[in-house]
Each structure stands twice: as C-alpha cells, then as structure tokens.
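**Student:** The listed protein sequences correspond, in order, to chains C and H.
Note that our numbering has the first sequence beginning at 1, numbered continuously upward.
Note that our numbering has the second sequence beginning at 1, numbered continuously upward.
One side of the interface only, derived from the structure: several residues of chain C facing chain H at Cβ under 8 Å: (1) Gly41; (2) Leu46; (3) Phe49; (4) Tyr145; (5) Leu170; (6) Ile224; (7) Gly228; (8) Ile248; (9) Leu268; (10) Ala283.
Just so you know, the hints here were simulated from the structure itself, not pulled from any lab data.
Since the structure is predicted, the reported quantities are computational estimates derived from the model, not experimental observations.
Each residue gets a CB set at the ideal place from its N, CA and C atoms; glycine is no exception.
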Amino acid sequence: MAAAEDVTGSDVGRTRRSFSPRYPAWLTSPSFVYYAIFFLGPLAILVAFSLATQTGFNAITYGFDTSQFHLVTGSLYVKIFARTLVMAGVGSLLTMIVGYPIAYWMARYLTTYKMLALLLVLVPFWTSFLIRTYALKIILDSHGYLAKYLGINIMYTKYAVAVGLVYNYLPLFIIPVFASLERMDWSLVEAATDLGAKPFNAFREITLRLTLPGVVTGALLVFIPMSGEYIIPNILSGGNYEFVGNVIGDQFVSAQNQPFGSALSISLMIALSGFVAIYILFATKEERFGA
Amino acid sequence: MRRVVTAKRAFTAWAVCVFVFLYLPIAVMALFAFNKPSAAALAGFHGSNVCDIPPTQLGNLTVWNGFTTCWFASGLHDPTYIPAIVTSIKIGAAAAVVSTLLGLGAALALARMNKFLRVPFDSLVYLTLVVPEIVIAVASLIFFVQAPRYVPFFPALGPWTIFFGQVVFGASLAMLIIRARFVGMGDTLEEAGYDLGSGRLSTFWQITLPRLMPAIVAAALLTFTFSFDDYVLPAFTNGTTNTWPIVLYSAVRFGITPAVNALATIMLSVTIVVIAVTGVVLRRSRTRAGTDTDQATPAATLRIG
Numbered sequence: 001m002a003a004a005e006d007v008t009g010s011d012v013g014r015t016r017r018s019f020s021p022r023y024p025a026w027l028t029s030p031s032f033v034y035y036a037i038f039f040l041g042p043l044a045i046l047v048a049f050s051l052a053t054q055t056g057f058n059a060i061t062y063g064f065d066t067s068q069f070h071l072v073t074g075s076l077y078v079k080i081f082a083r084t085l086v087m088a089g090v091g092s093l094l095t096m097i098v099g100y101p102i103a104y105w106m107a108r109y110l111t112t113y114k115m116l117a118l119l120l121v122l123v124p125f126w127t128s129f130l131i132r133t134y135a136l137k138i139i140l141d142s143h144g145y146l147a148k149y150l151g152i153n154i155m156y157t158k159y160a161v162a163v164g165l166v167y168n169y170l171p172l173f174i175i176p177v178f179a180s181l182e183r184m185d186w187s188l189v190e191a192a193t194d195l196g197a198k199p200f201n202a203f204r205e206i207t208l209r210l211t212l213p214g215v216v217t218g219a220l221l222v223f224i225p226m227s228g229e230y231i232i233p234n235i236l237s238g239g240n241y242e243f244v245g246n247v248i249g250d251q252f253v254s255a256q257n258q259p260f261g262s263a264l265s266i267s268l269m270i271a272l273s274g275f276v277a278i279y280i281l282f283a284t285k286e287e288r289f290g291a
Numbered sequence: 001m002r003r004v005v006t007a008k009r010a011f012t013a014w015a016v017c018v019f020v021f022l023y024l025p026i027a028v029m030a031l032f033a034f035n036k037p038s039a040a041a042l043a044g045f046h047g048s049n050v051c052d053i054p055p056t057q058l059g060n061l062t063v064w065n066g067f068t069t070c071w072f073a074s075g076l077h078d079p080t081y082i083p084a085i086v087t088s089i090k091i092g093a094a095a096a097v098v099s100t101l102l103g104l105g106a107a108l109a110l111a112r113m114n115k116f117l118r119v120p121f122d123s124l125v126y127l128t129l130v131v132p133e134i135v136i137a138v139a140s141l142i143f144f145v146q147a148p149r150y151v152p153f154f155p156a157l158g159p160w161t162i163f164f165g166q167v168v169f170g171a172s173l174a175m176l177i178i179r180a181r182f183v184g185m186g187d188t189l190e191e192a193g194y195d196l197g198s199g200r201l202s203t204f205w206q207i208t209l210p211r212l213m214p215a216i217v218a219a220a221l222l223t224f225t226f227s228f229d230d231y232v233l234p235a236f237t238n239g240t241t242n243t244w245p246i247v248l249y250s251a252v253r254f255g256i257t258p259a260v261n262a263l264a265t266i267m268l269s270v271t272i273v274v275i276a277v278t279g280v281v282l283r284r285s286r287t288r289a290g291t292d293t294d295q296a297t298p299a300a301t302l303r304i305g
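Just need the whole structure built from these sequences, with the hints factored in.
**Tutor:** Now the structure itself:
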C-alpha cells in the first residue's frame, strides 16, 4: 500500500488515504511472456551458441566449449574492446562537455523560449539516426567545403567517428540533465552567493551536486549504446576504425563464425554489465531519472 | 549583475554554436537534394533529364553545382525505394499497435504494484532498452533461424521476424511513456468514480482510458517512428525483405545520389510533422488536465535512442 501511495505524485502533502485502485497483476503477463520468448529466448540461445563448437560451414554442435572465449582474449580482440570502450568514454565525455552547458542554459536562463529550445534539442533525436549520420558524412566528405576551405579533412578516421558519436547522442544526454536541473531549487544557489560564495564555487557545491544523478544517468545513457555502436563506425570510418559491434556483425554476415560472434556478444555484455547495473539501479530507484 | 549578464551571454553563444552543429548537417543534406551533377558530368551528358546520369558518373556532389528538383521525381520512381518504404510503414504500424497494447497492460499493473514484483519486472524492461542493439540483433538472428526447426509454422526470416524483434523494444518504450502519465495523473478521479458506484471496468473505460489517451497516442507514434527508422535489428533479421533504412544504408555506403537526399528530406519533413502533431496533442491534454501536469511524461518520451 505504501508503495502505491508514494508514487501518486498529486497526493503529496495530503493525508494518507487507504484507497488505491489497483489493476490486476496478470496484465503484465502478456508482455512478460513476450519478453521471455523474444528477448530472453534469443539471449539464452546466444549463450548456448557461444559455448558451442563450429563443426563446419553453418553447422555447430552444442556443448561446453570455452575456446571461443579464449579467442576473444587474444590481443587483437582485446585491442578492439579497449578501443571501443575508450572511444565510447571519450564520446561520452565530449557529449557531457558540450551538453551540460546547454541544459544549464535552458533551465537557468530561458523562460518563454524554454519549450522551443527543448523541442530544438529533441527534433534531431527523433529524426532518423541513419539520415543524421548520412548528413554528417556529406559535411565531412573529403571533397566538401569543410575539407576544401577549412582544411578539416577527417572523413574515415577516428575523429569522424568521435564527431558522429557526439552528434548523434547529444540530445540523449541533454534531456535527463535538463530534467534534473529543472527540478533544482535555484534559491539555494542564491543563498550561497548571498552568503559570499563565488559563483563557480556555488555551482560546484550546489548545482553540480544536486544534478549529479541526472548527469550519471545521462552519461550512462549515451555510454552504453555508444559501446555497442554499429552504424557510426561503419559509415564514418568506412571500416578503418571498427568497434566491437562491427566485428560481431562481421561474424554473422561475412565470416559465418556464429559461435565466435556469440562469444564476442556475450563478452561485450559482460564488459558493459557494471555500467548497465548502475543504470538500472538509478532508473528503477528514481523513476524520473531513468524515464 | 554585470557578471550574470556576461555569463548568460557566454551560455547563449555556446547554445547557438551547438544548435548550428546539430542542424547544419541536416540543412545541408536537404539543400543538396536540389543539387545538380558536377559541370564535368553535365558536359558529357546529352539526355534531357540530368537526374538520369548514372550514379557513378555524377562527379563531386558535396559541393554546390546548381539547382534542380528532378531528384525528387527520380527518388520517388526508384524501383527499390518505394516498396521498401511501404514495407517499413506496414511493419512500423503493426509494431506500434502491438507494442502499445502490451505496454498499456504492463503500465497499468506495474504503476501500483507491490515493490517486490515491480522491481524485477522493471529491471527486465530497462534491460531490453540498454542491451546493445547489435547483440539483440545477432541473438534474434540465431533464434529466428533455429525456431522453425522446433516450432512448426514459425515464419522464416522476413517482415514477421523484424516485427517480432522490434516489439520487444517498442513494448518497453510504450510502457515507460504510458506509466509516466498514469503515475502523474494520480488516482483521485478514479476514487471518485468508485465512490459514485462505478465498477472497475466502467471506471477504466470512462475515466482512466480517456485521460491516458495522449500518452497512448504518443507511445504509438514513437514506437512507430523507432520501428520505421530502425536499421540494425532488421539488417540481421530481414532475410530478403528490404526496409527503408536497409535500402538507405546501402545507398549511403555504396553510391550516393541526391535522390537519397530527396527521399530523406521527405521523410524528415514527415517526422517533423508527426512530432509537431504529437506535441500539440500532449500540450492540449496537459492544459485540459489542469494542475496535475505529468512532469514525468516529457522526460519519459525523450529517453530512448
């Protein structure tokens, strides 16, 4: 009952009521069954495949063969994993540096145009990922204006991939940070500066601390998908700078080594599991941060 | 005071730069949908329609060569593009309907469920959203290839398997959007309904469902958009079916013509119109709902990528 009451936001400050209409729990069962079949099912078979033995072209025998995982720990693949995680880390950091001031600007200084600015952040996010990446490719093209007149010729390099990551994931970071800045009580900052705190110190001690959950959620929200990115490295590096996701894809498309591809996938999930766990913890605890 | 003003200016300047960064590529792409083939390509061409020049002989299209509108016609007449777009619309519509229904059921039950049941289910939902799509894609590929061996009538790789895979993500997305609204609107009106003698089902039909409608519409539109734009999962589970992102992707990777820009621009305009409509619907519902603004809804709507 208590749980039912503290989620009904509009009741805050009123006397507690015993009433709480509930919907039957079986309403979750269609989606649960669906998840069990089409989400947990594929993941289970992925684990089975990663431990299977390739016995011929497109033929495998189930078993408990860990040799694929030994292959993953070979220096080439460790290097690709490290590169992917470092690149996703750099991408997230750049996204934070570019995005936090925007969220701050919208929450602190805008009044009339706040919703418009929010919409402007969102529109690119709602439009096709592929089209945006393609649009970036036109700009970065080595025969384009940027290369010609500004001498910035980064197409098919890791720099292009980094720009692509920031470009595509920026809105996803700005939103949760903006949401937590919106909930902030600015009079606290005012009080601090009135009492003699320098603006930057007031920002660090109050604003940054209070919005930290939003920043952490936002950072994970971009870091996790960046680590599994497939489209951006493919289009903007032209295969010169592959992420783990691309290597996984190759195992299923061209190499036809499904057990190895499965082992790579499982390894990627293990590498990300810590971040995913922190994200889920934040998201389920504080619905509004995750949502 | 002066300090505050300079800080504000600095932030505004930064914001302008970032908006330019976000919109410039899209604007350039739309502009180049009207770009002519290079002068060299035009000199060697003797037909009447410059958009009939083969893709490999168009010359440099990343600089401006002149204005033409013929790419829109040639994009719309391309034998591969339009059927792929139709397929994507069909799969997207089906995914939107099923995802929204699954999400609605789960949202209603979960919002007021016991914590010990809610948290595990919620974790599963969030897991479906954060597992890298490439992992889901290859896992689904294996699953869909194996399934017909054990389950009779299970469809082969094609539109059905794309749909099955996309609904996992769609149901989670729809659930979060609908639940945010459901939690935000409180239960006082429902209580009033019960007090006045309305039964469970009629309270749902007459009170809860109408008030949830904006979130349901938003969930359906967003799941449609995500399904329509999705590349990675369909690329592995499509069999021989072509969807619009799959066609677009191979065009982007292997031979770009402004016809692709033209279609992308049309798609972009459609998306923006859909967003605007969704925004108006949500906004109207919010003003009508009066004080119980669903603060969580914008955030929930925005979360996933």
